[in-house]
Structure formats: structure tokens, C-alpha cells
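K.L.:
The lines below spell out each chain.
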Amino acid sequence: MTATTLELGLGPVLFYWTREDYAAFYSAAADWPVETVTLGESVCSRRRDMKLDDWLGIGRELAQSGKRVVLASQTLIESEADLRDLRRLCDNGEFTVEANDQSAVQRLVAAGLPFVAGAALNLYNPASLAVLARAGMQGWQAPVEMSRDDLTRLLADCRAQGLDAPCEVFAYGHLPLAWSSRCFTARRHQKPKDRCQFVCQQYPEGLALRSQESREVFTLNGIQTLSGACQDLCHELPTMAEMGVASARLSPRAEGMAEVVAAYDAARRGALPARDPLALVEAEVCDGYWFGRPGMDHSQTASPG
Amino acid sequence: MELVCPAGNLPALKRAVNEGADAVYFGFQNTTNARQFAGLNFTDKRAGEGIDYAHARGKRVFCAINTYPQPDGWAMWTRAVDQAAELGVDALILADMGLLDYAARRHPNLDRHLSVQGSATSHEALRFYHEQFGIKRAVLPRVLSITQVRDLAKQSPVELEVFAFGSLCIMAEGRCYLSSYLTGESPNTRGVCSPAAHVRWEETPRGLESRLNGVLIDRYAEGERAGYPTLCKGRFAVDGETYHAIEEPTSLNTLELLPELQELGISAVKIEGRQRSPAYVSKVAGIWRQALDRVARAPGHFHAEPAWMAGLGELSEGATTTLGAYERRWK
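Chains C and V are the protein sequences, given in the same order.
Sequence positions in the first sequence follow the numbering used here and run 1 to 305.
Sequence positions in the second sequence follow the numbering used here and run 1 to 331.
Read the hints as simulated data drawn from the structure, not as lab findings.
Remember, it's a predicted structure, so these values are computed and weren't measured experimentally.
Just to be clear, a hint being listed does not mean it is correct.
To be verified - Within a straight-line C-alpha distance of at most 25 Å, the following computed SDA-like cross-link-like pairs (lysine to any residue) qualify:
hint, chain 1, residue 1, chain 2, residue 2
1, V, Lys14, V, Leu323
2, C, Lys191, V, Lys154
3, V, Lys136, C, Ser79
4, V, Lys154, C, Ser45
5, C, Lys191, V, Thr320
6, V, Lys154, C, Arg88
7, V, Lys136, C, Glu80
8, C, Lys191, V, Arg235
9, V, Lys154, C, Ala81
10, C, Lys191, V, Thr147
11, C, Lys191, V, Leu323
12, C, Lys191, V, Ala237
13, V, Lys45, V, Ala75
14, C, Lys51, C, Thr5
15, V, Lys136, C, Lys51
16, C, Lys191, V, Arg106
17, V, Lys154, C, Arg84
To be verified - Non-contacting residues of chain V with respect to chain C, defined by C-beta distances greater than 10 Å in every case (computed):
hint, residue
18, Leu10
19, His55
20, Pro69
21, Asp101
22, Ala197
23, Leu216
24, Ser267
25, Pro299
What the hints assert, rightly or not - Footprint (simulated), chain V over chain C, 3 or more residues, beta carbon under 8 Å:
hint, segment
26, 171-181
27, 218-231
28, 257-264
Where is the CB? At the ideal position from N, CA and C, for every residue including glycine.
Using the sequences provided together with the hints, build the complete structure.
P.N.:
The following block contains the structure:
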């Protein structure tokens, strides 16, 4: 695989946007140089502005623009209602599903459908990848905390064992780090989760959680906790291609995403942009996980602390 | 309902058994288990002694091999599985799909329990692990309400074990990477959360400060009770407010739910805390033994004795306890 064949994948929007914002975002994304677009609500079942049919409609338009479309399943499944939604998603009849929980894998295996394995399925070794390959896995994401060196080794071991499903790396965006049954955004607004009034829709890029010294530690996004800094592996795309990574995932943000995609597209063609794409958006940057360090670290700056 | 107690070392194992544990769980001295603390856990020899001690008293022993085999460490994890099997444990507590597959093929007659780190929160997920690896039991993550546990229990293809008492993880276990984001080490990769090697305490003019790899987790005024800087239990600033933005320092205590858990057909209640002292394990096991005996005799007349609650309260983080996600309004 050469550098020019590294694909770009647009991840699902992790935040809760308005219908209008999703529509505008994906209408623009139809023209972006990404091969795959993963759609859907993967964080919270209470976010109901978008129904499955709405996602399917967006998916069809993107497919017409030549994108490979994947539907993301919810990561934390808690109730029978969650399972009913999951069943409908898996039975959509058109698009491949990204399984973000074993509940989804079970549904898809039972239906004899192929699937993509999300990062939260914790695939750290060839044996677990082999289990899912037998179950119908067609692609997988590396765990967000996996380093370049570990992934290099894992990919080599997979090849040696004939496991060749394409691997995607989370390259850009605030890293999804945890899921809880508690909603931290509602907690900030002193509302119970059952009557959250959808306050997370007020934060299209999440709500910053800072240390008492004003350092951005995490980003609250409803029941999900993201990294405080924005991961950026733009300069690592040539290395990823050499390692045999198939795709780099770019996680949507509300502002400046077209510029981020353009920069990554240039980078995968070997033209590292003169400007860091992050200069276009306001966020601290990190790349520690990739270099085998704490995730929050950044290779271009002194170690924090 | 079976009382499952933690054993960080041989003295803790013995005291748990003496105080009425029906089963104890332990791990080896490496990153194959989710409580990797210096000076904790078992060598082969000690594990053998512990298993003999428990078996001689009719009690069971489970071995936790519940971290995720890393790309350069597969042999260490499979060796742990083989060692546990050779030692004669009664069940393996596993999380990784590859390791579950290995154990099912290599040691088909040894019971496999799905660790809480396997993140199974629905009967569909449980069915996956059951069909793929023949698990006999699953430990449920601490994210479900009692109503959700009820729904799940009705359709579960396997025995269920729930957390009863101890430190409260409020993130879905097995899918929390917060610790490695700050320190490079997580429960999945290294069997640690907010590891002590990265903790720094400092007296400053602003108060006592606790840091994790340099990040300020909390700052205490004089006379305030300071707790271990577990990263999700610090005080942070969100939108101009400084508070316990994720969770307060508190422990889970589900004692008052015992009759309901019994009615739902829950097979076992688990005490967290392999990192705790033998004295702690002994006290907690003793109280839960009494409570379980009481609920078995007369579930309709059960109430949590004030003495039990006070005893457990003293052993809790921040001296407070919560029902956590079991109670809807906690969320």
C-alpha cells in the first residue's frame, strides 16, 4: 500500500447538533475528499431530533456523491428501548453498520450481516480480531489508546495470520474516552438525566472541563467524556500508510472541518500543509497515544506538568 | 446469592473465607489483572496455598485475568490462563474476546466468567459472549439502574453477578480510557487507574494539592478530608463552576437492594477491593455475610441494619456511600 491510497473516513458527529446543522454539514461533506462517511447517533438515545429515516436519507445522498456510507451504533446500550433502536439500525437493509458494542455484533451475526468493528470493542490482539473476522467483520478501528509501535506489531501479526480486514486509526478530533449512564452536561445544569432538556445541544463542540489551573483536561459531551485536547496525526499519515493502516478517521467538529479535511487530503498525498490545520480552530493539540505516551501529550511541545 | 470477595493477598483471602465469603477472586503479579498494585496479588505458590485453604473449607476461587492482551504480550496472558487452570481454580474471570476464545478451546471444562471489563450491559451482548465462548456467568457494569438490571435478568442466558460494595466506577468499565489519557496507563492495558506512580501531593499556600502526572485533580482547604486523586473524582471547573464535575469521592453500597437482587435471580454479589487491607476485607465480608443470611431467611422482612450501614460507611471513600446508577435519580 502506498501513501496515496490511504483513505480518509469522516467519523460520526459525536455532539448533539440541530437538524439544520447536520443537514448543512453533510451537504458540504458530500464534496469533501473522504472515501467513507460514518453516520448516526452513537452517544445518547435521548437525542432524538434525527430519526433513523433521517440518517438513511442523508446516507443515500452521500452514497450518490460516491461516498461509502456506514451507520454507527450506540456505544452504551442500557435498556430495551436501546435494543429496539439497535435492531432497527442493524436491519436497515442498505448500509453496513459500525458495531460499537457486542449487542450490535450479536444482532448482525444473527442476521448474517457483515459489519465494521468500532474502537470501543477493544481489539488489542490478533486473537480477538480473529473472533470478529469469523463473525463477519469487514473492517476495524484500533483502540484510541494504542500506540504506533503496538499497532505496527499488531498489523504485522495480523498479516502473518491472514487477517487482512482494513484498519482505521482515529487521526483527528477530540478522542472518545469514556461513556457513563450519568449525563455530565445535565449534571452541570443541575438537571436529572430523565429531564435533561437536551442541554447538550447548546454545546456543538462539547463543554470544556478544566483543572483549577485552567488547563483543558476533558470535554464533556452528555454521557460521553472526550479528551480536552484535539488529537492531530496529520503529519503521521505517510507513516500510517507504510504501516498498512487503511484509513484515517476524522471526527467532525462544528467549525473548520472543511479545512481539516483539505489538510489531511493534502497530507496523504505527501504534501504536508504549510499551516497546521489546527491553526484554523481553537483547541489544544495532542498526539501522545500515537507515540506511546500519555494521550494528552504533544510531541511538538515540552512534556506538561 | 453467592458472596464473592476480593483477595489481594493470602491473608486477605483467608480472612474473607473465615468471615463467610462463598468465593474469593485473585490475580497474578503482573499486568494480566485489573488491580496491578506494587506488593499485591499472587505468585503461583501463594495462589496454590490460597486455593487449598478455600477448597478445604468448601469455598470457591476465581482468577481474574481481565485486562486486554497487548500486541507484545499474548504469551503472558495465555500463560496466566494456563497457570490458573493448572492451579485448579473454579473459574476464570476474563474480558478479552481473544482470551475468552483461547480459554474456551484450551480449557473447555473450566468455567468462564465475563469480567465487568467486558462491558456487557444488555442481554444481546451477554448472548454474544455466551454463544461465542460459552461463558457461564457475567459481572455487570455499574451503569445500569435496578429496572434495567431487572429487564436484563429476565432474558439473560447466563448467571449474573453484580457489584455490591466498594469503589464506584461510574464509566462503563472496559471502555474508559481516561487514565491512559493522563498517565499512559489504563485498566485495559496495564490493569491500573490513576496509578500511584503518577500521583503527587503538595502543600501550597492555596491548600493541599493532589496531582496526577502534573494535572491538578483537587485542592483541599484546611481541615477538608483529602482523598486519593482518582481522576474522575476530582474537582474541576466547568463553565465557571468548580465542583465534582464527574463524581464525588464515594463508594457503592447496594445493601438495601438485597431483597430485590435476590428476587431478580441474581447469582452473586461482588465486593470490590483487591487493593484493600485484609482487615477491610474481613469487616466487609462479615457484614455482607450477615445481610445475605438474613435476606435468605426472610426476604420480605429484610431491612439494612443501621450497624451494618455504619460499619460500611466507615470503610467508604469520603465516608459516604451511594446506590450509584441502580437508583435512577443518580444519573
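K.L.:
Each hint needs a verdict: does it hold in this structure or not?
P.N.:
Taking the hints in turn, this is what the structure says about them:
{"no.": "1", "hint": "V:Lys14 / V:Leu323", "result": "violated, 29 Å"}
{"no.": "2", "hint": "C:Lys191 / V:Lys154", "result": "violated, 31 Å"}
{"no.": "3", "hint": "V:Lys136 / C:Ser79", "result": "holds, 22 Å"}
{"no.": "4", "hint": "V:Lys154 / C:Ser45", "result": "holds, 22 Å"}
{"no.": "5", "hint": "C:Lys191 / V:Thr320", "result": "holds, 22 Å"}
{"no.": "6", "hint": "V:Lys154 / C:Arg88", "result": "holds, 22 Å"}
{"no.": "7", "hint": "V:Lys136 / C:Glu80", "result": "holds, 23 Å"}
{"no.": "8", "hint": "C:Lys191 / V:Arg235", "result": "holds, 19 Å"}
{"no.": "9", "hint": "V:Lys154 / C:Ala81", "result": "holds, 15 Å"}
{"no.": "10", "hint": "C:Lys191 / V:Thr147", "result": "holds, 21 Å"}
{"no.": "11", "hint": "C:Lys191 / V:Leu323", "result": "holds, 18 Å"}
{"no.": "12", "hint": "C:Lys191 / V:Ala237", "result": "holds, 18 Å"}
{"no.": "13", "hint": "V:Lys45 / V:Ala75", "result": "holds, 20 Å"}
{"no.": "14", "hint": "C:Lys51 / C:Thr5", "result": "violated, 34 Å"}
{"no.": "15", "hint": "V:Lys136 / C:Lys51", "result": "violated, 37 Å"}
{"no.": "16", "hint": "C:Lys191 / V:Arg106", "result": "violated, 50 Å"}
{"no.": "17", "hint": "V:Lys154 / C:Arg84", "result": "holds, 16 Å"}
{"no.": "18", "hint": "Leu10", "result": "holds, 31 Å"}
{"no.": "19", "hint": "His55", "result": "holds, 31 Å"}
{"no.": "20", "hint": "Pro69", "result": "violated, 5 Å"}
{"no.": "21", "hint": "Asp101", "result": "violated, 5 Å"}
{"no.": "22", "hint": "Ala197", "result": "holds, 12 Å"}
{"no.": "23", "hint": "Leu216", "result": "violated, 4 Å"}
{"no.": "24", "hint": "Ser267", "result": "holds, 20 Å"}
{"no.": "25", "hint": "Pro299", "result": "holds, 26 Å"}
{"no.": "26", "hint": "171-181", "result": "holds (count 6)"}
{"no.": "27", "hint": "218-231", "result": "holds (count 4)"}
{"no.": "28", "hint": "257-264", "result": "violated (count 0)"}
The structure shown violates the earlier hints numbered 1, 2, 14, 15, 16, 20, 21, 23, 28.
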